[in-house]
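S.K.: Each chain, letter by letter, is given below.
2 protein chains.
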Amino acid sequence: MKLTILGCYAATPTKYTNPTAQILEIRNHIFLIDCGEGTQVQLRRSKVKFARIKHIFISHLHGDHFYGLIGLISTFMLLGRSADLHIYGPKGLKELTLLQLKLTKSWTSYQLCFHELESDAPEVLFEDEKVTVTTIPLNHRVYANGFLFKEKEKERKLNINAVLNYEIEKCYYQNIKKGKDITLDSGEVIPNSTLTFDPPKPKSYAFCSDTVYFPKIVSQIKNVTVLYHEATFLDKHENLAEKTKHTTAKQAAMIAKEADAGQLILGHFSTRYDGIDVFKEEAETVFENVVLADDGKIFEFE
Amino acid sequence: MKLTILGCYAATPTKYTNPTAQILEIRNHIFLIDCGEGTQVQLRRSKVKFARIKHIFISHLHGDHFYGLIGLISTFMLLGRSADLHIYGPKGLKELTLLQLKLTKSWTSYQLCFHELESDAPEVLFEDEKVTVTTIPLNHRVYANGFLFKEKEKERKLNINAVLNYEIEKCYYQNIKKGKDITLDSGEVIPNSTLTFDPPKPKSYAFCSDTVYFPKIVSQIKNVTVLYHEATFLDKHENLAEKTKHTTAKQAAMIAKEADAGQLILGHFSTRYDGIDVFKEEAETVFENVVLADDGKIFEFE
Numbered sequence: 018m019k020l021t022i023l024g025c026y027a028a029t030p031t032k033y034t035n036p037t038a039q040i041l042e043i044r045n046h047i048f049l050i051d052c053g054e055g056t057q058v059q060l061r062r063s064k065v066k067f068a069r070i071k072h073i074f075i076s077h078l079h080g081d082h083f084y085g086l087i088g089l090i091s092t093f094m095l096l097g098r099s100a101d102l103h104i105y106g107p108k109g110l111k112e113l114t115l116l117q118l119k120l121t122k123s124w125t126s127y128q129l130c131f132h133e134l135e136s137d138a139p140e141v142l143f144e145d146e147k148v149t150v151t152t153i154p155l156n157h158r159v160y161a162n163g164f165l166f167k168e169k170e171k172e173r174k175l176n177i178n179a180v181l182n183y184e185i186e187k188c189y190y191q192n193i194k195k196g197k198d199i200t201l202d203s204g205e206v207i208p209n210s211t212l213t214f215d216p217p218k219p220k221s222y223a224f225c226s227d228t229v230y231f232p233k234i235v236s237q238i239k240n241v242t243v244l245y246h247e248a249t250f251l252d253k254h255e256n257l258a259e260k261t262k263h264t265t266a267k268q269a270a271m272i273a274k275e276a277d278a279g280q281l282i283l284g285h286f287s288t289r290y291d292g293i294d295v296f297k298e299e300a301e302t303v304f305e306n307v308v309l310a311d312d313g314k315i316f317e318f319e
Numbered sequence: 018m019k020l021t022i023l024g025c026y027a028a029t030p031t032k033y034t035n036p037t038a039q040i041l042e043i044r045n046h047i048f049l050i051d052c053g054e055g056t057q058v059q060l061r062r063s064k065v066k067f068a069r070i071k072h073i074f075i076s077h078l079h080g081d082h083f084y085g086l087i088g089l090i091s092t093f094m095l096l097g098r099s100a101d102l103h104i105y106g107p108k109g110l111k112e113l114t115l116l117q118l119k120l121t122k123s124w125t126s127y128q129l130c131f132h133e134l135e136s137d138a139p140e141v142l143f144e145d146e147k148v149t150v151t152t153i154p155l156n157h158r159v160y161a162n163g164f165l166f167k168e169k170e171k172e173r174k175l176n177i178n179a180v181l182n183y184e185i186e187k188c189y190y191q192n193i194k195k196g197k198d199i200t201l202d203s204g205e206v207i208p209n210s211t212l213t214f215d216p217p218k219p220k221s222y223a224f225c226s227d228t229v230y231f232p233k234i235v236s237q238i239k240n241v242t243v244l245y246h247e248a249t250f251l252d253k254h255e256n257l258a259e260k261t262k263h264t265t266a267k268q269a270a271m272i273a274k275e276a277d278a279g280q281l282i283l284g285h286f287s288t289r290y291d292g293i294d295v296f297k298e299e300a301e302t303v304f305e306n307v308v309l310a311d312d313g314k315i316f317e318f319e
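Chains A and B are the protein sequences, given in the same order. In short: position in the first sequence from 1, add 17, done, that's the numbering used here. In short: position in the second sequence from 1, add 17, done, that's the numbering used here.
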């Protein structure tokens with residue numbers, strides 16, 4: 018599981034910061050999460066292959082989270098894309114995108130598949146044999162969702178030395194990997210635990226931005242491997258966070274602690290502060306394992 | 018007259034190039050011409066004061082010329098703007114912008130004044146005592162206009178030593194600056210040319226992008242001080258230019274020559290070539306005074 022931060026700053030533009038966008042690579046999928054203005058250039062800088070992006074998840078319709086989408090859609094077209102592109106986001110995104118394409122006379126050469134969201138309850142957006150993606154309903158000034166990406170349990174690992182101790186035909190190996198015990202011709206039952214190792218624990222990633230401090234999400238993200246949570250403000254601006262429906266670094270850490278998250282990544286920083294280390298310092302008073310997002314930063318989770 | 022190139026490359030994004038946007042400063046006005054994705058960040062980098070932008074001219078509705086507009090409009094709001102903002106561009110821009118503001122629940126704190134264009138004949142978009150701005154109808158895949166910015170004739174300059182040779186009351190100075198002769202009490206007529214110097218010659222700037230080679234514009238831009246003309250391709254790709262309704266560097270130079278332009282600035286470069294010097298070399302075979310636009314470059318025209 019690998020996370021590339023393309024942008025992680027709040028809306029007001031500066032010379033060298035980018036609004037929200039990130040790439041999650043998980044079990045051979047490349048998921049784009051949010052798509053603020055300039056995302057396509059950030060993708061180029063991070064050397065992400067455009068053609069590998071097949072699913073885009075938009076948290077909410079504030080410009081710093083989706084104004085780069087139409088540019089990316091247009092560029093896919095310029096690059097001659099043919100593969101379907103799935104876009105998951107709040108209702109309205111389809112109407113807006115189609116109007117943009119109509120006005121620019123730029124119909125796409127590929128299928129645009131919109132999955133518009135309106136529900137206030139978690140919804141499974143994507144599922145295959147390896148991964149599920151579910152919405153995490155958030156609480157912001159406009160309708161907003163986070164996204165929970167979960168690996169499915171992998172097959173058990175064959176302990177080949179143990180297996181070779183017995184006369185087991187290879188055609189049974191698949192069953193062993195699936196966790197089944199083996200009955201030998203002699204009638205002896207070999208328990209699966211003798212023949213296999215535990216598979217690596219499935220990893221999970223929760224993206225939660227933008228939202229006011231919203232403990233309701235804790236049950237859904239319990240024990241998540243990595244939690245990305247917005248921390249637009251510091252504790253001294255808690256009133257402002259409440260008013261604008263954002264979170265402070267301390268509150269983000271409280272969510273991580275309650276959820277027993279493995280690690281907390283902070284992002285969506287307001288540019289009003291001198292640097293971003295202050296966010297980490299504040300969060301660490303509540304939760305131990307805190308790291309800071311920053312544009313261009315790559316996290317690999319082993 | 019001062020021109021700041023914010024972006025001057027064609028649509029396909031690269032790590033370090035920006036789509037079209039430029040700032041023309043002329044007689045205390047700051048005009049923004051086109052507004053490709055990332056323009057607000059480029060404005061920050063060029064240290065342009067956002068509040069001074071009151072008029073935005075959009076040439077045509079292709080993404081690389083206007084996808085940055087909504088982000089800029091939103092940022093003006095975040096910055097607490099109160100002054101009116103005038104936007105001149107093809108019909109459709111208003112509908113699209115209003116839909117974006119509606120979906121993002123982001124009504125502006127200032128008046129957005131749309132001036133939508135549909136005419137195929139030149140139209141005066143803006144006029145005050147110092148400057149006029151007129152459309153230059155172009156020929157592209159979608160409805161497109163260039164823009165002609167013209168300084169008005171300035172007042173004549175008082176030759177104060179000459180004036181003091183005569184008994185002329187100060188209340189007549191304004192008439193002298195306006196070019197009038199003076200009749201002394203003695204009945205003697207002093208011709209204006211004795212009392213004044215010629216004012217500096219009014220400057221003009223023509224922005225022509227995007228368009229196929231389109232000599233029809235020559236009469237309108239005759240003797241322009243500075244011509245910015247798109248040169249997406251080189252002569253060897255003339256077929257491609259024709260097909261996509263763009264211009265080659267050579268053709269842009271032919272327009273400059275026919276129009277007796279003072280200087281030609283080339284821009285809107287395709288990123289398919291190794292560097293941009295080749296555009297200058299090609300244009301110089303036809304027209305002498307050629308310079309290249311580049312992102313962040315500033316031209317001062319004395």
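Note that these hints are calculated values from the structure, not bench results. Just so you know, not all the hints are guaranteed correct.
Which copy is meant is left open, because identical chains are indistinguishable; a pair holds if it fits in one copy or across any two.
[Unchecked claim] The list that follows gives simulated cross-link-like pairs (lysine-lysine, PhoX-like), each with its CA atoms no further than 20 Å apart:
1. Lys-169 to Lys-253
2. Lys-119 to Lys-108
3. Lys-274 to Lys-147
4. Lys-71 to Lys-187
5. Lys-32 to Lys-314
6. Lys-187 to Lys-197
7. Lys-122 to Lys-111
8. Lys-220 to Lys-169
9. Lys-233 to Lys-122
10. Lys-147 to Lys-171
11. Lys-119 to Lys-262
S.K.: Indicate, hint by hint, whether the structure satisfies it.
M.R.: Hint-by-hint comparison with the structure:
1. Lys-169 to Lys-253: Cα proximity of Lys-169 and Lys-253: none, with 40 Å in one copy and 54 Å across.
2. Lys-119 to Lys-108: Both. Shortest intra-copy (19 Å) and inter-copy (12 Å) distances satisfy the 20 Å Cα cut-off.
3. Lys-274 to Lys-147: Neither: 28 Å inside a copy, 64 Å across copies.
4. Lys-71 to Lys-187: Neither way: Lys-71 and Lys-187 sit 36 Å apart in one copy and 75 Å across, limit 20 Å.
5. Lys-32 to Lys-314: both (18 Å within a copy, 16 Å between copies)
6. Lys-187 to Lys-197: Cα proximity of Lys-187 and Lys-197: one copy only (14 Å, versus 108 Å across).
7. Lys-122 to Lys-111: The answer is both: 16 Å in one copy and 16 Å across copies each meet 20 Å.
8. Lys-220 to Lys-169: within (8 Å within a copy, 68 Å between copies)
9. Lys-233 to Lys-122: Classified as neither; 44 Å inside a copy, 25 Å across copies.
10. Lys-147 to Lys-171: Classified as within; 8 Å inside a copy, 73 Å across copies.
11. Lys-119 to Lys-262: Answer is between: at 19 Å across copies they meet the 20 Å cutoff, but 34 Å inside does not.
Hints 1, 3, 4, 9 from the list above are not met by this structure, while the remaining hints are.
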